[in-house]
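*Asks:* Listed below are the residues making up each chain.
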Amino acid sequence: MASNPMYQFNVYRIGPEIKLGAVDISFTNASLFMVISSLAILIIFNLGAKKKTLIPDKLQLLSELSYSFVAKMISDTAGSKAKPYFSFIFSLFMFVLFCNMFGMIPYAFTVTSHIIVTFVLAAFIFIGVTIIGFMKHGLGYLKLFVPSGVPMVLLPLIVVIEIISYLSRPISLSVRLFANMMAGHTMMKVFGGFVISLGIVGGWLPLSFSVALTGLEILVAFLQAYVFAILTCIYLNDALNLHH
Amino acid sequence: MLKKIVILLFVTCFACFNTVFSAESGGMPQLNPEFWVSQIFWLIITFGILFIVLTKVILPKISDNLETRKSQILENIETADKQKEESQKKIDEYEKIILDSKLKAKSYFNEAREKILDDINKKRASLEKDLDEEISEVEKELSDLKNKSGEKINKIAAETSAELIKEIIGEEVNSSSIAAIVEDQSKINKERKDV
Chain A
1 MASNPMYQFN VYRIGPEIKL GAVDISFTNA SLFMVISSLA ILIIFNLGAK KKTLIPDKLQ
61 LLSELSYSFV AKMISDTAGS KAKPYFSFIF SLFMFVLFCN MFGMIPYAFT VTSHIIVTFV
121 LAAFIFIGVT IIGFMKHGLG YLKLFVPSGV PMVLLPLIVV IEIISYLSRP ISLSVRLFAN
181 MMAGHTMMKV FGGFVISLGI VGGWLPLSFS VALTGLEILV AFLQAYVFAI LTCIYLNDAL
241 NLHH
Chain B
1001 MLKKIVILLF VTCFACFNTV FSAESGGMPQ LNPEFWVSQI FWLIITFGIL FIVLTKVILP
1061 KISDNLETRK SQILENIETA DKQKEESQKK IDEYEKIILD SKLKAKSYFN EAREKILDDI
1121 NKKRASLEKD LDEEISEVEK ELSDLKNKSG EKINKIAAET SAELIKEIIG EEVNSSSIAA
1181 IVEDQSKINK ERKDV
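Those sequence lines, one after another, are chains A and B. Under this note's numbering, think of the first position of the first sequence as 1, with each following residue one higher. Under this note's numbering, think of the first position of the second sequence as 1001, with each following residue one higher.
These aren't lab readings, by the way, just hints derived from the structure by calculation. Ideal placement from N, C-alpha and C gives every residue a C-beta, glycine not left out. Among the clues, some could well be false.
Label pairs and their in silico Cβ distance ranges [unchecked claim]:
| id | chain 1 | residue 1 | chain 2 | residue 2 | range |
| --- | --- | --- | --- | --- | --- |
| 1 | B | 1078 | A | 79 | 29 to 37 Å |
| 2 | B | 1073 | A | 183 | 40 to 48 Å |
| 3 | A | 183 | B | 1079 | 51 to 59 Å |
| 4 | A | 15 | B | 1079 | 54 to 62 Å |
| 5 | B | 1049 | A | 162 | 32 to 40 Å |
Covered stretches of chain A, as calculated for chain B (at least 3 residues, CB under 8 Å) [unchecked claim]:
| id | segment |
| --- | --- |
| 6 | 22–34 |
| 7 | 38–50 |
| 8 | 60–73 |
| 9 | 113–124 |
| 10 | 140–153 |
Whole structure, please, built from the sequences with the hints as guidance.
*Replies:* As structure tokens, then:
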């Protein structure tokens, strides 16, 4: 049961079963934490945006710092053309960050530790970026697969490799986040289990490991959200400023 | 001793791993497609709402806040610059006023000094003039007296000599002749003196 380190990733229904036609769209613990994360973001940033003072209070400072942090990240990686997509990347970054961080609370569910969630996000980004690329450059967007300055002999190989790497973007993006979250939480669970099974005599070593891992996982939770957002910016940069 | 502890730890860890993973059944819940659709559905709803609310309501406010702060700070800096300039102007004016008043004071002082000097000079000049006049008057008087004294002496001498002659001889002598003699004599005396 609870000693199984994978048990924490179980999704179960909360409340009644909701069916839309043949598909089950019941409210689950995953949905609950999605709602909690979104609500937390909305509440914190709404409170932060409410007051308009020259000298910001704590929440205002937090929201404004996050705003300028994401804005700087976008302008650094994707340039000024990416400004219309700021709000999407901001929401994405905040959503992933808050889901990761809420997952760090004991007994909480980590939304981003499920491949389906991260894959849907990554697939949406992939499709969106591809559409943007084709809308901006037309068929010229295909030049992305033909790097300049490559000898003609190598070109077919390079193009194949480029296409594969482009198509594997959603998979790498989603698996990176999902695997990091799952591995970290599993590891913490395993070390937590060691504490219990080794008892008061030998449990101190895994306990200290657990403490260290908690710190590491919080770092990873932030870092993976940042990586997710910045990779989105890089893909967007490829679509907006085509120079390969 | 230390080795024993390490080995013991290792063995217990291994045992723990065994017990932990033997309880596992069914692999990763992530790959169980039972709730995939539900997760996708709720993800779209929550993320969609989050995205819309952030885009329409919250982010414009934050960006407004940042913009107004920036412009306010710029305005404040501008006004501060203006005020600095004004204060610099005022300081310049103040210094100018002080310099002017210093110059004025100096000129007043100089004027007063010149006036006083003038007065002194004038007074001195008039005094000197008066003195000169008086001196010249006195000198004139003196020279008058000197000139007259000869005649008077001569007269007196003539009178006395006439009286003396009268006493001695007992008869009157012509006074004019006596006066002529006295004159001659005084001339001779004068010449003698001059010589």
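*Asks:* Next step is simple, just say for each hint if it's right about the structure.
*Replies:* Results of checking the hints against the structure:
1. As the Cβ distance of residue 1078 of chain B to residue 79 of chain A is approximately 31 Å, the hint placing it in 29 to 37 Å holds.
2. Distance hint for residue 1073 of chain B and residue 183 of chain A: a CB-CB separation of about 46 Å, consistent with the stated range 40 to 48 Å.
3. Between residue 183 of chain A and residue 1079 of chain B the beta carbon distance is about 57 Å. The supplied range of 51 to 59 Å therefore holds.
4. Distance hint check: the CB atoms of residue 15 of chain A and residue 1079 of chain B are about 59 Å apart, consistent with the given range 54 to 62 Å.
5. For the pair residue 1049 of chain B and residue 162 of chain A, the beta carbons lie near 37 Å from each other, so the given range of 32 to 40 Å is met.
6. Here's how the segment 22–34 of chain A fares: 9 of its residues keep a CB closer than 8 Å to some CB of chain B, so the rule of at least three is met and the hint holds.
7. Under the rule that three or more residues need a Cβ within less than 8 Å of chain B, the assignment of the segment 38–50 of chain A holds, with 8 such residues.
8. Only when three residues or more bring their CB closer than 8 Å to a CB of chain B does the claim for the segment 60–73 of chain A stand; here the count is 5, and the claim holds.
9. Coverage of the segment 113–124 of chain A by chain B holds in this model, with 7 residues showing a Cβ closer than 8 Å to a Cβ of that chain against a need of three.
10. Restraint check on the segment 140–153 of chain A versus chain B: 0 residues with Cβ-Cβ distances below 8 Å, three needed, restraint violated.
Against the hints set out earlier in the document, a violation occurs for number 10 only.
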